[in-house]
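Residue numbers (my numbering), protein chains in the order written: chain A, 1028 to 1572; chain B, 1028 to 1572.
Heads up, a few of these hints could be off.
The list cannot tell twin chains apart, which means a pair is met if one copy fits it or any two copies do.
[Said to hold, decoys possible] Cross-link-like lysine to any residue pairs, in silico, SDA-like; alpha carbons within 25 Å at most:
#1 Lys1231 with Thr1158
#2 Lys1569 with Asn1538
#3 Lys1420 with Ser1377
#4 Lys1363 with Glu1337
Since the hints were derived computationally from the structure, they do not count as laboratory data.
Number of protein chains: 2
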Amino acid sequence: MKIALAQINFHIGNFEQNKAKILEAIHKSEESGADLVVFSELAITGYPPRDFLEFEDFINQSKKAVEEIASACTKISAIVGMPSVNPNPNGKRLYNSAAFLSNGKIQKIIHKTLLPNYDIFDEYRYFEPNTVFELIELKGKKIALTICEDIWNVEANPLYTVNPMEQLALLNPDFMVNIAASPFNFEQAQRRFRVLEHNTRKYKMPLFYVNHVGAQTELLFDGGSMIMNSKSEIVDVLNYFKEDLRLYDLNDVEITKGKSSLETKTKAALIHDALVMGIKNYFQKLGFSKAILGLSGGIDSAVTAALAAEALGPENVYNILLPSPFSTEHSLKDAKDLALNLNMPFDIISISHAYDSFNEALHPFFKGLPFNVAEENLQARIRGVILMALSNKFGHILLNTSNKSEAAVGYGTLYGDMNGGLSVLGDVYKTDVFELARYINREREIIPENIIIKPPSAELRPDQKDSDSLPEYDILDRVLYLYIEKRKGPAEIIAEGFDEQLVRRILRLVNINEYKRYQTPPILRVSDKAFGMGRRMPIVAKYLS
Amino acid sequence: MKIALAQINFHIGNFEQNKAKILEAIHKSEESGADLVVFSELAITGYPPRDFLEFEDFINQSKKAVEEIASACTKISAIVGMPSVNPNPNGKRLYNSAAFLSNGKIQKIIHKTLLPNYDIFDEYRYFEPNTVFELIELKGKKIALTICEDIWNVEANPLYTVNPMEQLALLNPDFMVNIAASPFNFEQAQRRFRVLEHNTRKYKMPLFYVNHVGAQTELLFDGGSMIMNSKSEIVDVLNYFKEDLRLYDLNDVEITKGKSSLETKTKAALIHDALVMGIKNYFQKLGFSKAILGLSGGIDSAVTAALAAEALGPENVYNILLPSPFSTEHSLKDAKDLALNLNMPFDIISISHAYDSFNEALHPFFKGLPFNVAEENLQARIRGVILMALSNKFGHILLNTSNKSEAAVGYGTLYGDMNGGLSVLGDVYKTDVFELARYINREREIIPENIIIKPPSAELRPDQKDSDSLPEYDILDRVLYLYIEKRKGPAEIIAEGFDEQLVRRILRLVNINEYKRYQTPPILRVSDKAFGMGRRMPIVAKYLS
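Next comes chain A alone, as it looks inside the complex:
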């Protein structure tokens, strides 16, 4: 039996395009002699369709598209992820399903049992869990078909009280197929491999795993679909961050001597590739081609610009240098050097006149009160106004350049430098931004060395440095990681050797700035705990604050 894996970048709700991509892969697979072609979870809708699932019209369109695809499956069979309606009056209205298409029809619909409902996942919001276990059959082979999370209940403290693969194993399948939408983070490929390995070792049969690829706003799906044999060896891994279609013979899979470990790139390289795909898909899928950003001469905007140049082409990244009276000469030079290094268009627009006119308008009210955060934010907001005016006039999307450390402690101006359609670095700690810069410079100096080595500064008052008001980033980032990624409380973090007052101050800053993060653009997610849909905090609260 020959099985094709189709790893495709779907567009949420774009039924015409998704259907066309699926049909194309079916035709290609058929031409290559495949008996079965497998697509990822909720392929027809794109993942995650979110509350579109509450529209009957949306569900009907999904069904219609899959029926049309089924009618093309006369010589070949296919497995396509789709939402399906729960016929039982009790329980949620939908299932998260995999349709088995054969002989021109939907022959069987298998439902997902384990519905992830943590971090960025909301599947229990829409779907009823499956309780009936059956195999699908094709040309004398019995297939245990599961959907993503169904094979993930393998930890010491399992999240679920049932194990669907254990149920299916009782029915003596010949091999496993899992269709997934497993989003990227820089540790996810290894974690995913361990889960697949656990299943092949436990059930001693081959596993065909098809993952979604492509960015869906903040969620980055890295692909890396995988075939493992019954000896728990990796037979093949599909592309990361790119569409792919490959064909396997079941017999060959079993006699192939595979690998027992998965090779992955470095953390910086993975984050780099993920962010480039994230920017690219965001623009493509929205139908935009040009980005604008404020280039300050600092490392965050430099890295953002370099990533955007790679994603969109340097000619499509419009850099605006917006000096204020507190900007330094070297910042302006560093920013220009970067734009020239990458051959990106840039312009310089001084904010001094606008700054003066606001100060003049506010003078009767500010009445000689000392310069403070109001004037600092004023500069950032004037820059925001200019960037948005250009964006509105010429149809660029503004890229946000804030990093995760800043976003965490609220070191940024709402409606100023926190503006943008997309936050590129909002899930990258400052210390990792430096790593990314080094990675971008791996072959030649793209980001001027001076940008990497000078002390970070917002340049909103004379001789300002980030370290005037924030702890050094290497300490800050470690505390933030324990609090945000690891959900450690103050006592646990202090026990790791950090200063008590410092820890309490950092945690308080994180919590009291929830209101700012509520209004930030979507953040490309590269860690396993990003700000945004995966971290849901009360704004008005009194805890560690």
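Since chain A is already given, all that's left is putting chain B on it; use the hints.
Same frame as chain A, now just chain B:
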């Protein structure tokens, strides 16, 4: 047996304050001779605690606080909502529980069975559903204790496949207690009553229902706790929108001739009361007292200012009139009249100079291109900058004045008039804003009549009216209601008699403006489908767009 119901406004994560409020109600109830005092769902943490529940430290603090409360329950018993740890290694780590405190200890912990996971609810994200059914006993009485959703599985197409109250009824309880955190919308009190009525009719026993009261950022809990007798009559209803503590004798409850229907205020009155509480609690719980807003002379900012004046006191609502070259004389006068009517402080700051300075800075780039949305947004953003500068200097919170109709179709400027710490009217359609204005004027003209009767205009270009670019609000709002509240697709809406092109245009506007709503402030929720945490849409998608 005497039972007290304690309807309290908790502060999320403020264990000290929540504990103190609970202890105070316990002491008062004990002094009044109560045998049992009942508090609302997750009383100790406040509802919803959201991802704070993922912190072990937070769970430990909850437990410690409830144990301290238990030690005060020597003569009286109490029921207190709290999260508790699931001792089973399989399944989610927590239960949503009700602790029964008696004889100085936590005697029993009852868990919630039905976990709402739709709209604004995310309970399956944190909690394992209960599967064991038992009663609690006090002084020879057997109590069926359930938590909120547990008694809501009463519809024709139930969301859940189990019914906990049916299970408990088999054990022959004497009466029911339900502890809840059921958020307000303008139809919710009646809906809630029908659910309680259904349960009392079905199980033929009294029901003591304690709801949460107070605002938790966007969620407004209206209280309205209720006692029904076994004849399914309303014996008493606690305050709406205010804390309350009342005592009942079980025997009296049964012999009281109650009411068979619930009286509620008009829609406008309910929304008014809810929004006033929402503003008040937002400021109180964040520790702020003063609001700032831009008063345009239009109805949205007028209604927002009037509501804020009622919530915070007029002296704490600072109104800034920000005329541009396109502002009309009557708008300025209308705005001033409103401020004078309510005796609110106001100032006038012209945006003309700042507008000129931006136009000058942008001139080399705009190169004589025609005036368009870029210049319109520029004005709104300059206003945003001035309001935020004052807010930053003097510690006001900026109130957002956008209404739901505008927010829906993206008729507003991101980083301009969409700014604010809290959106007061973001869940109120424009047509309902007029109703609110009439309600505010029910005793005397607070909002100048001219503001109510003139055609809505953003005044961002000469002689502009909203109806130049938007359908008339009475049509727009009805289409939006069908799409947003009722999740109807285009065919269904058109079938109700609306023009096809118009419907498609409106739905498209809603969907392509998802990116703007992603960055808006939290919106006080008064309908059963508000923008924000209860409506989760993809930003990058292609559906009806």
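List of violated hint numbers, smallest to largest: Structure breaks no hint.
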